[in-house]
Amino acid sequence: MDDMNTKINLTYNGEKYVLEYDRNTVRILENSGFVLDEFLTKPMTNIELVFSGAFLKNHRKTNQTIIDEIYKKLPDKNKLLVQLRKMIDETYDSLFEEPDNGDEGNVSWEVIDLSPKKRENK
Amino acid sequence: MGSNRLISKEKRKQVEDTSLSKLFEELCPIFMSYGMSYDEYWHGSPYRAKFYLDAHKLKIKQRDEEMWMQGMYIYEALCDVSPILHAFSKKGTKPLQYSSLPYLSKVNELKIEKDKEQEKKNAQLIARVYFENWAKNTKKHFEKK
Numbered sequence: 000m001d002d003m004n005t006k007i008n009l010t011y012n013g014e015k016y017v018l019e020y021d022r023n024t025v026r027i028l029e030n031s032g033f034v035l036d037e038f039l040t041k042p043m044t045n046i047e048l049v050f051s052g053a054f055l056k057n058h059r060k061t062n063q064t065i066i067d068e069i070y071k072k073l074p075d076k077n078k079l080l081v082q083l084r085k086m087i088d089e090t091y092d093s094l095f096e097e098p099d100n101g102d103e104g105n106v107s108w109e110v111i112d113l114s115p116k117k118r119e120n121k
Numbered sequence: 000m001g002s003n004r005l006i007s008k009e010k011r012k013q014v015e016d017t018s019l020s021k022l023f024e025e026l027c028p029i030f031m032s033y034g035m036s037y038d039e040y041w042h043g044s045p046y047r048a049k050f051y052l053d054a055h056k057l058k059i060k061q062r063d064e065e066m067w068m069q070g071m072y073i074y075e076a077l078c079d080v081s082p083i084l085h086a087f088s089k090k091g092t093k094p095l096q097y098s099s100l101p102y103l104s105k106v107n108e109l110k111i112e113k114d115k116e117q118e119k120k121n122a123q124l125i126a127r128v129y130f131e132n133w134a135k136n137t138k139k140h141f142e143k144k
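Residue numbers (numbering that gives the first Met the number 0), protein chains in the order written: chain A, 0 to 121; chain B, 0 to 144.
The set of hints was computed from the structure by calculation and includes no laboratory data. Please note that the accuracy of each hint is not assured.
Quick list of in silico lysine to aspartate or glutamate cross-link-like pairs, EDC-like style, CA-CA up to 16 Å [said to hold, decoys possible]:
no.	chain 1	residue 1	chain 2	residue 2
1	A	K56	B	D79
2	B	K21	A	E29
3	A	K72	A	E29
4	B	K93	B	D79
5	A	K72	A	E47
6	A	K56	A	E29
7	A	K60	A	E29
8	B	K21	A	D36
9	A	K15	A	E68
10	A	K56	B	E39
11	A	K78	A	E47
12	A	K85	A	E14
Sample of chain A residues at the chain B side, in silico, Cβ under 8 Å [what the hints assert, rightly or not]:
no.	residue
13	M3
14	N4
15	T90
16	Y91
17	S93
The beta-carbon is built from N, C-alpha and C at its ideal position, and this holds for glycine as well.
With the rest of the complex left out, here is chain A (with noise of 0.2 Å):
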């Protein structure tokens, strides 16, 4: 059921990027540093680090700068960061009795294609 969870999903120079936690690349977040407590109430000081963090599941040999170009283009980082808290909600929540909201999972964030769009020539 690997569907079940939230994920980001975006293109960025032609290339199709989903993104994800599991546990592990939550443990090693909190290993570079991410503190959860510190990312509730400081959310913005957090997002970079939190967004590199979902890039470690699927594309962990992506650069960094590739990953703070997207970061930069990415139009709307409140709706990214409720993505993000959603999808780091998860690799915890699941290991609760009853998850309190029915809406669990299974949602993906919409396709953005972040490529540079080509000048047209006039």
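Based on the hints, put chain B in the right spot on chain A.
For chain B alone, coordinates are given in the frame of chain A:
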């Protein structure tokens, strides 16, 4: 930022008080005891754990039902044998006969009988509808003539 909490404040507090890594490591052996593999737990889709948890709950329920059934058998056996255990029982008293079939086989038989009855009713209904349609069509046919 808009609130997007999937879990309650208490659960959140439980998670916030500890690091996620620590929590995951603590819960890993528990989920492995539910049958989840190490790789699935750490590298698989997080929601898989929920299914293992649900399956574990089902197993507990099944075991509970088995134990209850076993208690029923023991209880019945004791009741059946009780006439001869009585200190003042008459000579020649025999124990009652123990169930010749397991309880669930009777339940299945009842279900099969009910299914058969339903099938019979369905067949009757189909035949009735078919006959009514045939009668209607025949009537129309003669009316036209």
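The hints, checked one at a time:
no. : hint             : result
1   : A:K56 with B:D79 : violated (63 Å)
2   : B:K21 with A:E29 : holds (10 Å)
3   : A:K72 with A:E29 : violated (25 Å)
4   : B:K93 with B:D79 : holds (9 Å)
5   : A:K72 with A:E47 : holds (13 Å)
6   : A:K56 with A:E29 : holds (15 Å)
7   : A:K60 with A:E29 : violated (19 Å)
8   : B:K21 with A:D36 : holds (14 Å)
9   : A:K15 with A:E68 : holds (15 Å)
10  : A:K56 with B:E39 : holds (13 Å)
11  : A:K78 with A:E47 : holds (14 Å)
12  : A:K85 with A:E14 : violated (24 Å)
13  : M3               : holds (4 Å)
14  : N4               : holds (5 Å)
15  : T90              : holds (5 Å)
16  : Y91              : holds (6 Å)
17  : S93              : holds (4 Å)
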